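Trainee: All chains should be modelled from the sequences, with the hints used to inform the complete structure.
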Amino acid sequence: MEAKASTFVQGVDTAFIVILGISLFFLITITAAMIYFVIRYNRKKNPKPKDVKDNTRLEILWTAIPTILVLLMFWYGWIGYTPMRRIPAGALTIKATGRMWSWNFEYENGKQSEYLVVPVGKPVKLELYSPDVLHSLYIPAFRIKEDVVPGVNNVMWFQSDKPGEYDILCAEYCGLRHAYMLSKVIVKPVEEYIQWYHATVDSNSMADVEPIGLQVLKKNACISCHSLDGSKIVGPSFKGLWGSERDVIDENGKRVKVNADENYIQTSIYEPNQQVVEGFNKGLMISYKEAITDEELRQIIEYLKTLK
Amino acid sequence: MGENVQHLSFLQDNGGKKGILAWITTTDHKRIGLLYFYSLTVFFLMGVVLGILMRLELMNPGKDLVEPQTYNSLFTLHGVIMIFLFVIPGIPAVFGNIALPLLLGARDVAFPKLNLLSWYLYILGALMALSTLLFGNAPDTGWTFYAPYSVRTGTNVTMAVLAAFILGFSSILTGLNFIVTIHRMRAPGMTWFRMPLFSWALYATAWIQLLATPVVGITLLMIAVERMLGIGLFDPSLGGDPILYQHLFWIYSHPAVYIMILPGMGVISEMIPVFARRRIFGYKAIAYSSLAIAFIGYFVWGHHMFTSGMSGPARVIFSLLTFLVAVPSAIKVFNWVATLYGGSIDLKPPLLYALGFIFLFLIGGLTGLVNGALAADVHIHDTYFVVGHFHYVMFGGTGFAFFAALHYWFPKVYGKMYNVKHATRAFWVLFTGFNILYFPMLVVGMMGMPRRYYDYLPQFHIPNLISTFGSWIVVSGLIYMIVVLIQGYRKGTPAGKNPWGGLTLDWQTDSPPITENFVELPIVTEGPYEYK
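Those protein sequence lines, which keep their order, are chains A and B. If you're matching positions, the first sequence starts at 1 in the numbering used here and goes up one per residue. If you're matching positions, the second sequence starts at 1 in the numbering used here and goes up one per residue.
These are computed hints drawn from the structure, not numbers from a lab. Predicted model, so just to flag it, every value in this text is computed and none were measured. All the given hints hold, so there is nothing to weed out.
Estimated spans, in silico, between C-beta atoms of each pair:
| # | chain 1 | residue 1 | chain 2 | residue 2 | range |
| --- | --- | --- | --- | --- | --- |
| 1 | B | Val519 | A | Ile68 | 49 to 59 Å |
| 2 | A | Lys257 | B | Val49 | 35 to 45 Å |
| 3 | A | Leu24 | B | Pro494 | 40 to 50 Å |
| 4 | A | Gly21 | B | Ile462 | 24 to 34 Å |
Facing chain A, a subset of chain B residues (Cβ under 10 Å, in silico):
| # | residue |
| --- | --- |
| 5 | Ser237 |
| 6 | Asp346 |
| 7 | Val378 |
We treat Cβ as the ideally placed atom computed from N, Cα and C, and that holds for glycine.
Mentor: Next comes the structure, spelled out in structure tokens:
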């Protein structure tokens, strides 16, 4: 636990030190006692055992002391945790979307970023949203984690006091590319953050040189499952898709040939289970009807036409 | 017992049937125990192989061996096999079946035919679970089957959850059988407080099996129904609630942790007085603490969900209760160590495994306290710290207790003694490898590596490398142990009735015991550990 980069770190690490300290004491004492007894009372040295009677006082003592100690541990765990649930009024609010298998952060002015860029020394509140399965937003350097649950509005907050870049990992198993669902928190000095926030071009991505259709694909994490280079991930690759002839399984489980035209692409995005390419699993992709507008759909199609 | 020439041992007495039929139609509790033992061993070794493959893949960052989808199936099946086919049935099904009637001075369990049915259900469930391995498309959800992923994934989850459902019935019936046996079949004079402590542990466990298992059975069935009929129970896109699934799953699966560990604790309580030649210290404290663990264990499931978005007060209450369940475990440990004081200790392999259990279980239990503390849990939840923790409890605890029981009752069951010197060496290889395998997981978890990761960031490399190295030592230790035991079975010297000098009733009958255990039912006049 090298990096210590949020206001929660002290409370959490204190709980760790208290619990691990007490634990280590008991581990060493009990192990030492076992080893000592095994040597001291070895049958060769001590052929006749002592007759030791039960001792109620001792039983009470070693019930009471652990009870007090675990209550103490509970207490440290609790006070280190309380501030995590007490979100300051006026915290900067960012919508954090976790989907299979990427993160996206949306700011109050509509700005979107694949990295979580925040100002130093200011409380930040994350509203967690998942359109598909469970994820968990985990920042080890901040000692925080909260599950991203579809259909539930979970929130978390933090305040970082140290500029720098820290890992964001997905901690709740979410399928094939769970281990690659990574991002970073970039903690910037306040002025730099404001500059970044108001800049129209996201300096952390290559947005300015990328075709608009590709931006839409990236924003919706399409390319986590559909590669751009012909390789098979979870779904079929986008490369060479446009205009090709495809073997698909329709809703009735029948195999049919279709041509990858506008209609096909629209159906695949809005009703993904109607025509599933042979060799891929039904039910893995959800409908993007709410997420992708007609305009964006047109932009995607324009981009796919270029991806030969 | 001068007339026991006419009494065949249970290994020889085929009841008029031939070959394998004499085994698979038996209602003898010891034969059923051995049927469980052989099948469990096969599944355990399969689980080990899957675990080794996982560790090989994690040896270095990036791809070492398999594709991500294969890896996800590996950890799912490793979990399903180890939990449902080895650790949960484990000690009760094997050593409970073999030893409980002997310890109580009974001729068999209360319902011998039901006992055989339990084994058939176990085999049916096991074959269903393993069929997913053979026919491809093995489940990739993790053994917890969390919704909505388990509802969405195209892999063969339905078969796996139906298998777990069937296995649940096997567990319920065994629990029922043991409860009735303990209530109704104790030998004359064996009052509740003259029962050996292993029986107490099995009794507490049996109640959890009976009361908690139906909950998970229904929950898993609900997953199957949701997948097959599209009824929205847990998947929010169908109007379901994924958090509800977690509650229902852990309402069983946390008490199930005590199904896994309590019988192990019972085994340890049996062994320490025998090898220290001393009355167990705090008999009643140990017996009552089993019941306390079984009872409080029902109310702590929420600690699996501290980061799920559960309400703040619920998190605090579950954390408090979690800490309280630690106390009865601590009481047991203190009493075991106190029993060694002033004894006349013979460090034979069973005791060595028992003391190994205490050390590893201490680490497992104490790291559990870290998980129970709210602030600390938020950091290490769903990381390798948790993986390390439960392997210390499940393998270091239950697994080592299983090996202790195996080395303890081996001469009773087969009537032969294994080579003690080699068995001792095998223990040390296993024990050393164990710590090299699992301790780095605690470290890498504190550093922030999440679990169920096919690949990892470069800063997590060294602990993973050490851990993989440890897995090879563990496998060597296991092979060594198995070879020593097979040699003992084939060429061991006759063990005699009572090689360890135990006072419980299992050691008063022949090794191997006769079919109905005792020529005449014993009459009990004092407690089980009255060494004088």
